[in-house]
Amino acid sequence: KAGVTQTPRYLIKTRGQQVTLSCSPISGHRSVSWYQQTPGQGLQFLFEYFSETQRNKGNFPGRFSGRQFSNSRSEMNVSTLELGDSALYLCASSPTGTGFYEQYFGPGTRLTVT
Amino acid sequence: DQQVKQNSPSLSVQEGRISILNCDYTNSMFDYFLWYKKYPAEGPTFLISISSIKDKNEDGRFTVFLNKSAKHLSLHIVPSQPGDSAVYFCAAKNRDDKIIFGKGTRLHILP
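Protein chains in written order, with my numbering: chain H, 3 to 116; chain C, 1186 to 1296.
These are computed hints drawn from the structure, not numbers from a lab. Note that this is a predicted model, so its numbers are computed, not measured. Among the clues, some could well be false.
[As the list claims (entries may be wrong)] Cβ pair distances, simulated, as ranges:
(1) H:Q56 - C:H1293: 36 to 42 Å
(2) C:N1212 - H:P109: 27 to 33 Å
(3) H:R32 - C:E1227: 21 to 27 Å
(4) H:G30 - C:E1227: 19 to 25 Å
(5) H:R17 - C:Y1224: 26 to 32 Å
(6) H:E84 - C:P1264: 44 to 50 Å
Quick reminder that beta carbons are idealized off the backbone N, C-alpha and C, glycines included.
Bound conformation, chain H alone (with noise of 0.2 Å):
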């Protein structure tokens, strides 16, 4: 089975500009969720999304919002980028509902603003 997969793997933006993301869950997963990762700060939690549904919001400002279409891919879209935002952008996927909560990663976005 192919792994939770990401694009771009590198992005460069500036102040002001707004950035979407990309997540390819694992085949089957249906649950996506998104983790923003800066040094010091361990993973924090981004939303999660379930058959096309927020089911779960961190507490992040609303220039941060998800979606997630019909084969379960999901996209993130950050507005009015803050120099505060680089990091390294985490999706993962899980297999929802079979009682496991265990999360497949990719391997990140690395965002910098300028």
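With chain H's structure known, arrange chain C on it following the hints.
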């Protein structure tokens, strides 16, 4: 408010010895706990998990212990190998299926 705390940013252990990584949590409603390992430039990979109804789970060289009264869990790696050098994240699931991660502990296995 940090609900999952890994108070040791780093840990060095001699190859062949036991590595013990610790994690404390504040939310008594967490019902499932997980450990992940992360190498540079890769996403975290799942290691081992434990339900709140158990106090121990073992998988090969990895054992997770849960002490609910102390709101503490630990990951034991025995024997430690060079490939175990990585950042380890503790995570906990709440009743809404939201996963909360700690900030991680960097483990260095010394030759």
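Verification of the hints:
1. H:Q56 - C:H1293: 36 to 42 Å: Roughly 39 Å apart at Cβ, these two residues keep to the hinted range, so it holds.
2. C:N1212 - H:P109: 27 to 33 Å: holds (30 Å)
3. H:R32 - C:E1227: 21 to 27 Å: Between R32 of chain H and E1227 of chain C, where Cβ atoms are some 24 Å apart, the hint holds.
4. H:G30 - C:E1227: 19 to 25 Å: holds (22 Å)
5. H:R17 - C:Y1224: 26 to 32 Å: Roughly 31 Å apart at Cβ, these two residues keep to the hinted range, so it holds.
6. H:E84 - C:P1264: 44 to 50 Å: holds (46 Å)
In the structure shown, no violation is registered for any of the earlier numbered hints.
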